[in-house]
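Residue strings, one per chain:
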Amino acid sequence: MVVRMVDTSDDIVVLTPDEVRHAIDVEARGRMGISGDEFIARWLRSDLPDTLAAREIGIIARLLDLTPYGSG
Amino acid sequence: MPDTRFGAFRDTLNRTINKTVSRDRLTVVPHTVDPTRAVIVAVVQGSHQVFRAIRLGNGHYLSVRMDVHLIPDGVSTDANSIAYRQSEETRGDDWIFRYEYERLQAESGTYPYPVAHWHVNATPAAYAGARPFPELHLPTGRLSLEDIIRHLIVEHAVPTLCPRADALAFLDEQRNTFQHRRTDPGRPASVAEA
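In the order they appear, the protein sequences are chains A and B.
So that you can map any letter, position 38 of the first sequence is 38 in the working numbering, and since no number is skipped, the others follow by simple counting.
So that you can map any letter, position 187 of the second sequence is 1187 in the working numbering, and since no number is skipped, the others follow by simple counting.
Think of the hints as simulated: they come from the structure by calculation, not from any bench.
Ideal Cβ positions, reconstructed from N, Cα and C, are used throughout, including at glycine.
Mixed in with the good hints there might be a few duds.
[As the list claims (entries may be wrong)] To be clear about the criterion: a stretch of chain A counts as covered by chain B if any three or more of its residues have a C-beta under 8 Å from a C-beta of chain B, and this derived list gives those stretches:
(1) 21-31
(2) 34-40
(3) 43-55
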């Protein structure tokens, strides 16, 4: 599945929650070998390794209506 | 449409990047629910790899991700990650250093590390700690994107898009603007509230 951008301009991209979750899933599988759902569950428990991948994906997760921050 | 303050902040960052080390651009991705929040990141539209890094003239990459929110007269950063890496292949472990800023988590009182810190992807021969050295949070002050790009030009020989002296002078000018707009508690005492 290719992520669909619902509204795009040169420098603004609006993503739906499902699209953000899909993007997280793609990155988490590719970079950490876990699903997006597992990433988010562990991120909410602050139970992720202190890696660049976890940090960068965690910042994307902040686009969702969730609270915690995940990893250092 | 997202608040224009996000666009102004993005444009400032893009001006810094596009006048010095890369023609790639950062994008505003608004929060899915909260209109006062957004993430600033480089995006590949319509790709499986949605987010990407900025390509530099030496073939290396700068990966920038910022979690920001609106304040009355601009945008403030809650967290960021700025990483210098050898390749765009994010699955690899070829990052060289990364700077991170974590204001929100630090304010929660449960964050044991420095609000602003470096990770370095190396291990000194004399290091004997239990935790892998690249995972250590090496304390630093609040840095701007300009500080990091300046470091890349001066010490990593990253090529500039204009004469090197002009790029460095521009970065210094932009950095001074950043210092005067900082809204975090650690800002210099002489700087007015943004």
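Status of each hint after checking the structure:
1. With 5 residues carrying a beta carbon less than 8 Å from a beta carbon of chain B, the region 21-31 of chain A meets the three-residue requirement, and the given coverage holds.
2. Only residues whose C-beta sits within less than 8 Å of a C-beta in chain B count toward coverage, and the region 34-40 of chain A has 0 of them, not enough to reach three; the restraint is violated.
3. For the region 43-55 of chain A, the stated coverage by chain B is satisfied: 6 residues place a CB nearer than 8 Å to a CB of that chain, which reaches the threshold of 3.
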